[in-house]
Each structure stands twice: as structure tokens, then as C-alpha cells.
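Start from the sequences, fold in the hints, and give me the full structure.
Number of protein chains: 2
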Amino acid sequence: MGRLSSFYFIVATILLSSAKTVMHKVFPIPQEFEEGEDILYIDPCLFEIAHNQNFAPIDITPILTIYKSRIFGEKLNQCPSPSNNSLSPKHILNIHISSPISEYFPSKIESTDESYSLEITQDSTTIKASQYSGLVHALETFSRLIEPSKKIKNHYEIENIPITLQDSPRFAYRGIMIDTSRHFLQVSTLMRVIDGMVMAKMSVLHWHIVDDDSFPMQSLSYPTLTNYAAFSSSQIYNSTQIQNLVKYANIRAIRIIPEFDNPGHVRAIGLSPTFLPLVTCFNKQWEYQMPNGPLIYGGPPTGALDPSNSQTYTFIQGIFQDLNAYFPDSYVHLGGDEVLFYCWSSVPAIVNFMKNNNIPSYSALTNYYINRARGVLTAVNSTKTAIYWLNEATFYLQVKPTDILEFWGFTSNLTQLATLYPNNKIIVATGDRYYLDCGMGNKYGGESWCDPFHTWWEIYILEPTDYLSADQILGGEVTMFAELVNDFVLDWKIWPRAAAMAQRYWNQNLPLNLTGLVSSLNALVNTMNSQGIGAGPIDSNFCNLNTNLCFGSP
Amino acid sequence: MGRLSSFYFIVATILLSSAKTVMHKVFPIPQEFEEGEDILYIDPCLFEIAHNQNFAPIDITPILTIYKSRIFGEKLNQCPSPSNNSLSPKHILNIHISSPISEYFPSKIESTDESYSLEITQDSTTIKASQYSGLVHALETFSRLIEPSKKIKNHYEIENIPITLQDSPRFAYRGIMIDTSRHFLQVSTLMRVIDGMVMAKMSVLHWHIVDDDSFPMQSLSYPTLTNYAAFSSSQIYNSTQIQNLVKYANIRAIRIIPEFDNPGHVRAIGLSPTFLPLVTCFNKQWEYQMPNGPLIYGGPPTGALDPSNSQTYTFIQGIFQDLNAYFPDSYVHLGGDEVLFYCWSSVPAIVNFMKNNNIPSYSALTNYYINRARGVLTAVNSTKTAIYWLNEATFYLQVKPTDILEFWGFTSNLTQLATLYPNNKIIVATGDRYYLDCGMGNKYGGESWCDPFHTWWEIYILEPTDYLSADQILGGEVTMFAELVNDFVLDWKIWPRAAAMAQRYWNQNLPLNLTGLVSSLNALVNTMNSQGIGAGPIDSNFCNLNTNLCFGSP
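Chains D and C, in that order, give the protein sequences.
FYI, UniProt numbering numbers position 541 of the first sequence as 541, with every residue one higher than the one before it.
FYI, UniProt numbering numbers position 100 of the second sequence as 100, with every residue one higher than the one before it.
Where hints are given, some of them may not hold.
Heads up, simulated BS3-like pairs for lysine-lysine below, C-alpha to C-alpha not over 27 Å straight-line [as the list claims (entries may be wrong)]:
#1 C:Lys-284 with D:Lys-20
#2 C:Lys-284 with C:Lys-355
#3 C:Lys-20 with D:Lys-284
#4 C:Lys-108 with C:Lys-384
#5 D:Lys-153 with D:Lys-20
Some chain D residues well away from chain C (every beta-carbon gap over 12 Å; in silico) [to be verified]:
#6 Ile-39
#7 Leu-46
#8 Gly-73
Don't read these hints as lab results, they were simulated from the structure.
Built from N, CA and C at the ideal position, the CB exists for glycine as well.
Now the structure itself:
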């Protein structure tokens with residue numbers, strides 16, 4: 001059936017009955033589905049998964065195990081063998097992948113086919129997908145439709161079958177940026193972020209791993225760097241942990257894109273005596289006026305690499321080699337934001353370098369650096385695609401058509417961005433909408449630069465095609481900078497707001513009323529909580545239980 | 001030594017050395033202390049507590065056990081007996097209570113003497129207090145000064161001894177209000193709140209236990225009420241849980257003051273067919289305009305009890321009897337806020353009642369109700385003191401001089417409050433400073449009524465004596481209304497901001513520089529985190545580790 005008619009069906013369901021449908025249970029809400037009125041009962045001990053091929057070199061056993069245990073939990077360990085006297089017949093989940101899976105993803109994000117179909121009948125369940133991501137999304141959707149039976153002990157049930165469902169995302173890049181430099185985050189915390197991303201059908205974890213404050217990544221090229229630049233010996237991600245995390249994410253159909261922000265935001269590198277000569281502004285102190293309080297120091301400045309020193313390019317080559325070794329993904333985020341020109345103008349050698357090389361301005365010097373640094377990346381691995389931060393202040397940045405731009409400026413300036421960079425794919429990460437750390441104060445207890453706080457709704461209602469043509473949008477990303485984040489508060493600051501963005505980039509075609517949207521988002525929060533992810537409520541428990549009485553139309 | 005000179009000493013310590021002092025470790029920062037330059041090493045197996053009397057009927061063993069395990073953890077279970085070859089002598093903590101303890105607190109909050117002294121030398125540690133609260137505070141301070149030794153394996157150390165410390169709070173009431181009606185909170189979550197309050201030396205947990213959304217308190221008078229008015233059978237506080245929680249709090253020197261908000265905020269009561277006739281506005285629906293979205297229903301209105309129905313007073317007598325049975329404390333919060341007059345004017349019986357009794361206005365009717373309800377409370381227990389909410393909109397409220405007023409209006413109106421109610425003790429809970437749920441959206445994803453978010457600093461800098469005379473201030477309270485709070489996010493929304501208020505009401509006499517304040521608040525956050533309380537950071541980890549470089553004076 002057509003997409004439009006399917007929504008009439010959904011709306012009708014909501015208005016005519018309070019029965020929970022797919023729309024109340026699965027978030028992001030699938031593109032198209034039809035439902036019946038029967039109930040399927042499943043005995044976990046008689047539930048089997050079958051698939052049509054061997055997927056080697058990719059092993060799908062881990063993801064199947066993950067979902068079986070998420071759905072049935074301890075029940076699976078309580079199965080008699082052979083299972084007897086069951087009240088329901090055997091149920092088989094059939095998996096069909098149209099083409100052999102030789103990798104978790106194609107190298108290009110846009111080439112990833114995340115589409116899947118799901119058909120649930122009394123006899124069996126069928127999942128069809130063409131790539132690994134589609135399989136994972138299908139399993140996630142299935143896990144949200146099945147629940148412990150209210151009628152039959154030790155059984156599970158799926159309401160409103162038969163269910164036929166086709167689903168696929170609007171945009172390929174649905175990301176979260178995490179920052180492990182301002183506060184070190186435990187690996188288990190990062191895994192919890194990934195667990196939540198799978199539930200929200202997100203595709204990219206952008207790891208802002210190092211910055212001015214600390215450099216917690218164990219470097220293969222410079223093994224002693226973290227001795228100086230990490231907060232402590234216990235606040236370092238070693239190579240095993242990083243590689244395991246990448247694997248953990250890939251099995252869940254999530255790419256990890258690492259960021260090495262340069263030439264700015266590198267102060268921590270200067271903590272190493274070896275590399276201190278490459279870092280300008282290392283000892284530069286900010287000042288900050290406490291509201292109704294004293295003038296105080298401002299903590300670490302954003303140090304900048306010396307673009308006139310050839311050693312700088314030798315140094316970053318080593319870091320690029322580290323990233324290449326750790327992160328198989330074909331994308332690397334090279335930062336490029338907030339280069340403080342006064343850090344450069346204060347160094348005579350840099351001023352002379354500009355004179356001798358006819359570099360007329362500091363913006364031109366930035367482009368000189370960016371261009372030379374990209375050359376270094378290409379030398380390390382020519383297949384990598386570079387991503388850069390961009391905002392209104394850096395519209396002078398000269399990039400290649402193949403580069404991807406992550407825009408952190410004001411949403412209202414997205415149109416200007418499109419005009420200036422018509423050939424570049426864009427990731428929407430606007431500071432006035434998608435920054436998750438706004439409105440809760442800054443690291444001194446004053447106001448954050450990007451006040452106010454953005455609620456799940458304010459994040460959800462931003463429609464990117466109001467500013468950009470769909471074909472220029474690679475996707476959207478919420479950013480979680482970590483000045484005020486630790487292992488305890490990260491979950492709530494991310495969830496469910498990140499999922500509200502994911503919904504927008506997955507499926508904008510929603511019915512006019514809010515009940516389904518809020519119900520399914522509540523269902524997502526409940527699922528996250530049940531899995532130990534500390535998502536916060538989006539409404540009162542009364543509204544969660546009586547969504548029509550809160551979000552229905554008068 | 002005098003208070004003033006002690007602060008010169010502290011400032012000097014900070015400016016002249018980076019050594020951590022009492023000021024960097026204990027929050028709220030103690031009133032007076034002197035420190036030496038030696039280090040005391042303690043072998044947990046040779047640590048003993050001695051006290052000068054039997055405290056029956058109060059048993060101090062539980063609180064001593066709590067602190068021993070908080071300080072030494074598993075180490076205590078690894079002690080050889082008898083302990084031999086220790087590198088340090090036996091250390092005895094002597095406890096002297098000047099008067100026999102016959103209760104956890106005196107009935108009046110103002111009569112509570114929380115003062116204590118602490119003396120730590122190479123030979124022994126001495127705690128002196130006159131009441132139970134002082135003992136608990138002294139143990140808390142001691143626990144923050146002792147840490148695992150950096151030098152001697154399996155030992156602990158206390159820096160800068162000898163330490164002589166005298167401490168006592170400025171104001172008796174340092175409270176947190178929690179709301180278990182908009183979201184049910186697990187008992188373990190409430191216990192975690194109490195654990196944090198002990199660390200911040202707070203004195204009162206104000207339990208806003210019921211409201212419009214749900215009535216989760218098992219009633220002894222009306223055993224079936226929660227069948228209708230609780231969210232579910234698993235979201236009820238039964239009498240054992242309530243009594244255990246009160247005991248849990250009292251052992252930690254914290255009072256629990258229950259609130260039954262009336263005559264407004266009682267809609268949930270109407271869910272019971274028996275009591276529905278007593279609740280006006282039960283089915284009244286709000287409407288809410290989603291920003292850039294549709295008009296929607298607004299969820300439950302704030303129902304109001306019918307003041308003209310004598311059954312109403314019979315009903316509340318039963319609830320007062322429940323509170324009297326569950327909560328031994330001599331204070332009861334009776335609410336009194338947000339009585340919607342249109343709920344009353346829409347009922348002919350109420351309009352007639354006013355005519356027949358010459359009640360000229362709805363504000364007068366409110367006073368009629370409040371006065372009659374207080375009479376019911378007195379009949380149940382004449383020793384109880386009533387606390388009422390008050391803001392600019394309810395300055396018509398007529399109260400008795402013995403009543404306590406909790407002001408939730410604008411801080412700027414505190415002076416007017418003092419003029420209108422010169423004889424009443426005041427709890428400062430101003431909505432523009434002490435409400436912890438502001439600035440993070442409302443239950444629809446729109447803006448909260450009390451935007452913006454209040455940071456720890458904005459909460460800390462509010463000096464109540466700028467608006468009220470010290471003798472009229474009972475204390476301060478931060479409020480955590482729970483529309484958007486669940487068991488996962490409560491900790492961060494409360495901590496460490498509640499502690500920033502507690503510091504202000506404990507000790508305003510701080511040195512001018514911020515380093516000590518921020519260091520000790522960071523120490524509190526670290527202690528909370530180590531005990532599983534999800535407090536959030538107040539600054540970046542760099543500033544936590546290098547506080548002078550962030551909060552020192554340029």
C-alpha cells in the first residue's frame with residue numbers, strides 16, 4: 001500500500017481505539033505498515049531463528065544472541081529440553097538477506113542500504129533486508145513489538161497481527177558526538193551510548209576523543225604522549241579497548257568516526273615536552289567574570305598547532321596513522337574549528353613564515369594548514385574522507401567537493417552555507433538546536449554560550465529541508481560536549497533528545513496528532529530504562545499512561 | 001581563635017600553598033578550624049570508637065557502622081585478629097555527648113543543636129557534641145578528612161594534623177522537597193537522596209508525597225484509596241516502607257516532613273468513586289498550545305476539595321491520622337497553594353454555602369477552609385506545627401503566628417512577605433532561584449514556567465538576609481517537582497545544586513577567593529559519586545584537578 005494511505009490508517013487507529021499499534025511502540029516510527037487484529041503468542045522455548053545463507057566473513061550470531069537475550073532475558077535459561085506441553089506452536093523467525101554480506105557497511109555512508117521489511121503472521125516472522133544494517137533495524141523493530149504475554153504464563157505476545165512493515169531512513173547520517181576530553185568517560189558508558197543508538201536506529205557515533213583538556217587516546221606512534229596528556233594513567237583508552245569498542249559498535253550497525261580536532265583545540269599535546277614547541281598559546285590563560293562574583297582564571301585555552309613548523313606535519317602524520325589503525329571507517333573528522341589567530345600572530349616565526357610564503361592573512365594560513373594536513377591524511381590512507389566543523393566565523397574555509405561539512409553555527413545560516421558550499425554534503429549540528437549541553441550552565445556556574453536548553457520537541461521540529469535541499473543533507477547530529485558531563489549524567493543529557501532528532505531524519509511523514517509520536521517516544525524511554533540506560537521522561541507519568549488526555553487534540 | 005582570624009588563616013593557606021586543607025575537602029565548609037602540617041596514618045584494623053555513655057533509647061551503633069564502612073569499606077573484613085606488625089599505633093575516636101540523648105531531635109527545629117567539635121591528633125580523635133545531629137555531622141566531617149594512604153599500604157591518612165575544628169549551622173532548616181506524585185520514585189532512590197543529604201549536612205526531607213497526578217501513599221484510614229489513586233499496585237509506598245524510610249532518615253539526623261497539599265492539588269483522590277463527590281474540577285481539562293505545533297489537552301487539572309461539604313473535613317481527618325501515624329516529626333506541610341477559584345464558583349452548592357455563611361469571596365473561602373482544616377489537624381494531634389506554601393498570589397492567606405510559611409514566589413517579593421507576615425518563620429524556596437526543575441522544558445516539551453535553569457552558583461549566591469532578617473529565617477529549601485524526573489535522573493537534578501544552597505545556610509563566612517569553595521564542592525561530588533549517588537560535575541575535569549588555574553584570581 002502507498003505511504004499516504006498507510007498514515008490515514010494509523011490516524012484512524014488512534015482516533016477510533018486506544019489499542020496500542022506499531023506507532024505507539026516503535027521509535028523512530030516506521031515508514032509504512034499495516035496491522036490486523038489478532039494476537040500471536042510465542043513460547044520462548046519454541047522460538048527459532050533461521051537464515052538463508054552463511055554470511056561469512058560477517059558473523060550474525062552475536063547480534064542474534066543480543067536480541068534473543070534482550071527479548072526473552074532469563075526465560076531462555078528455563079527451557080526444558082525438549083520443550084513439551086507448550087500452549088503455542090513453534091515460531092520461526094526467517095531472515096533473508098538479498099545479497100551476500102561481506103562487510104558491516106559499504107565504505108560510503110550514502111551507499112548504506114538500511115531498508116528492511118518485516119512480516120509477522122501466526123505461522124512465522126519474516127525479515128528481509130539487503131545489508132547488515134537493515135537486519136539489525138528489523139530485529140530492533142521486532143523486539144519492540146513483542147512483549148511478555150498478559151494472558152499466557154511464560155509466553156510472549158505480539159498484538160495486532162498480521163503485521164506487514166516496510167521501513168527505511170530518510171537520511172543516512174543520524175549521529176551523536178561524544179567528547180571524552182573534558183571528562184573521561186568509562187568504556188562501559190560509551191557502550192551504553194551505543195546500546196541506546198541501536199534502539200533509536202542511529203548510524204554514527206562521532207568520537208571527539210581528544211581536545212585541549214586532555215588526550216586520553218593511547219597513541220601507537222607516540223606511546224608516551226598519554227603519560228603527559230591524559231588526566232591520569234587510569235583515564236586512557238588503550239588500543240584493545242578502542243578496537244573492542246569499534247567492534248561493539250559495528251556489530252550493532254553503528255560506525256564510529258574518530259575526530260582529531262586540529263590545528264586548534266590541541267593544548268593537551270603541549271603537556272608533552274617533546275611536542276610543546278608545536279603548540280602555540282599553551283600557557284595563555286583566559287579570564288572569566290563570575291556573575292555577581294570575582295574575576296577568575298578561565299582554565300585551559302584552545303592551543304593551536306604551529307603551521308610554520310614542518311615538525312607539526314610530521315606529528316599529525318603519526319596521529320593520522322593511529323586513527324587509521326584503530327578506526328576502519330572511511331571517514332575521519334579533522335575538526336578545523338576555533339583557530340585563535342592571536343595564538344599565531346604572537347609567534348614571530350609564524351609571521352615570518354607568512355611573509356616568506358606570501359600568505360596574506362590568518363584565514364589564508366588556516367587554509368594552508370588544512371590543505372597541507374589533508375595531504376598528510378591522503379598519504380596515510382588515500383581512501384579516507386575528511387569531515388570539518390564549520391560555522392559563520394569560518395566561511396573562509398576552502399574545502400574539496402568530497403569533504404563533508406558539519407555545521408555548528410546558527411540554524412538560520414544553513415541557507416548561506418548551502419550557497420557558499422553547493423557541492424559539499426552537510427551534517428546539520430546547529431548550536432542553537434542540536435547542542436545537548438546548552439541551558440544548564442557553563443563550567444563556572446554561569447550561563448552557557450548556547451542557552452537555552454533545547455527540549456526533545458524543539459529538537460524534533462527542526463526540519464532540515466526548510467533550509468537545505470534534501471540531496472545536500474547527509475544527515476543530522478546532536479553533540480554532547482563534556483565540560484559538565486560524567487558517567488552518571490551522560491545518559492539523561494543524551495536520551496531521549498538524540499532520538500527526537502533521529503526520528504526527524506528517519507521519517508518525517510507523521511500524522512498530525514502527537515499521540516503516536518509521544519507514545520512511541522515514551523516506549524523508547526521505557527525500553528532504554530529497562531536496559532539500564534538512564535533516559536529521562538518527556539512527560540509526567542500520568543501523560544505516559546494517558547497520552548491521549550495530554551497530547552490528544554481537544 | 002576567633003572566626004575572622006581563622007579565615008585569614010584559610011586564605012593564607014590557599015595563597016601560599018597548593019596543599020589540600022579542610023577547606024578543600026569538607027562541604028559545607030566548617031565555621032572555624034586550625035590545621036598543622038603533620039600526617040596521621042591509621043591502620044583500619046587498629047581503629048576503635050569509644051564513647052562516654054549509653055545513649056539508650058537512641059542506639060548510635062547503626063550510624064557508627066555506617067561511617068566505618070563508608071570510610072574503610074572492605075578493608076575491615078581483611079583484618080587479622082589480633083592485628084599484628086602494624087606500621088602505626090592504635091587510633092581511638094572518642095565520642096563525648098554533653099547531655100544524654102533521648103531522641104534524634106528536639107521537637108522544634110530551632111531547638112536542634114547541630115554544633116560539634118572535632119580534634120584530631122597523632123594520639124587520638126575527639127568528637128564533642130550536645131545532640132545526636134552534632135555527632136552525625138562530626139562523623140561526616142571526619143569521613144571527609146581521612147583517605148587511603150598514598151604512602152603506607154592498607155593504611156589511611158589524615159593530612160595537616162593536628163586539626164581543631166568547631167562547626168555549627170547558620171540556619172536550622174536546610175531542606176530538599178521531593179515529589180512522588182508526578183512520577184513514582186523507588187524507595188531506594190529516596191534513600192539515595194537521604195544519603196546525599198547527610199554528606200551535605202542537610203536537615204529536612206520535605207516529602208510532597210501526593211498530588212493531582214497520583215496518590216501513592218498507602219492510607220491506613222482508607223485502605224482502598226490507592227487501588228484507584230496510585231499509578232499501579234507496584235507504585236505504592238506501604239506502611240512498612242514509609243516507617244523504614246523515616247527510621248533510615250532519622251538515623252542520619254534528617255527529619256522527614258510529610259506534605260498533604262490541600263484543598264488544591266487533590267485530583268487523584270477523585271479517582272476513588274467514594275471520594276469523587278468531594279473533588280471539584282475532577283474532569284476539567286486544560287488545553288496547551290505546543291510551540292510550533294497543535295493545540296493539545298493539558299493532562300490532569302488541579303482538583304480542589306469542596307469546602308462546603310462536611311464530608312471533606314471527615315476525609316482529611318483520616319489523612320491527617322495517617323500522617324500522624326507514619327511521621328513522628330512535629331511538623332506537617334498542609335500545602336494551600338494554587339486553589340483554582342473557578343473550580344469552586346462552578347459548583348452551586350459552594351456558592352450557596354458562601355451566601356448562607358456570609359463568606360464574601362473565594363479568598364475568604366480559602367481562609368475558612370484552611371482554618372477549619374487546621375482545627376482538624378489539632379484535633380488529631382495538638383502538638384503538630386503547620387507549614388503552608390505561599391506566593392504573591394496568596395498574600396490573602398490568614399495564618400497563625402506559629403505557622404511556618406514556605407515562600408515559592410519571586411525572591412524580590414521576600415521583603416513584602418516579611419512585612420505582611422512579621423511573626424511567622426519563613427522557609428525560602430523561591431521559584432526563581434531554588435526550583436530545581438526549571439530551564440529543562442515542561443512536560444510537553446515547551447518552556448518551563450520558571451526558566452531559566454539555576455546553576456549551583458546562582459543558587460549559592462542568593463543571600464537570604466539581603467531580603468529577610470536572620471531571626472525570621474527558619475532556613476532554605478530547594479524543590480524537585482517530578483513531572484520530568486524518574487529514578488535515573490533525580491540524582492543529577494538535585495546534586496550538587498542542593499548542596500550549594502546548604503553551604504549558604506550553613507556558613508556564609510567564606511574567604512573571597514573561590515578556589516576553596518569549588519574544591520570542596522568538587523570533593524563532595526566525588527564522594528557522592530563514589531557512594532553511587534549520581535551527582536554531576538560543576539566544572540571540567542581540568543578545573544577539578546587544577547582548581548587554582550580555573551577559579552583562582554588573576
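Here is how each hint holds up against the structure:
1. Of the pairs offered as hints, the one joining Lys-284 of chain C and Lys-20 of chain D holds, with about 26 Å between alpha carbons and a cut-off of 27 Å not exceeded.
2. Distance hint between Lys-284 of chain C and Lys-355 of chain C is fulfilled; the C-alpha atoms sit about 25 Å from each other, no more than 27 Å.
3. Between Lys-20 of chain C and Lys-284 of chain D, the direct Cα distance comes to roughly 26 Å. Compliance with the 27 Å bound is thereby established for this hinted pair.
4. Pair hint Lys-108 of chain C plus Lys-384 of chain C holds up; C-alpha atoms about 10 Å apart against a cutoff of 27 Å.
5. Under the criterion of a C-alpha separation no larger than 27 Å, the hint pairing Lys-153 of chain D with Lys-20 of chain D is consistent with the structure, at around 21 Å.
6. Consistency note on Ile-39 of chain D: stated as away from chain C, and its beta-carbon is indeed over 12 Å from all of that chain's, at 22 Å minimum.
7. For Leu-46 of chain D, the requirement that its beta carbon stay farther than 12 Å from each beta carbon of chain C is met, with the minimum near 30 Å.
8. Once the 12 Å rule is applied to beta carbons, Gly-73 of chain D is consistent with being away from chain C; the minimum gap is 18 Å.
Violated hints are absent here; each numbered hint is respected by the structure.
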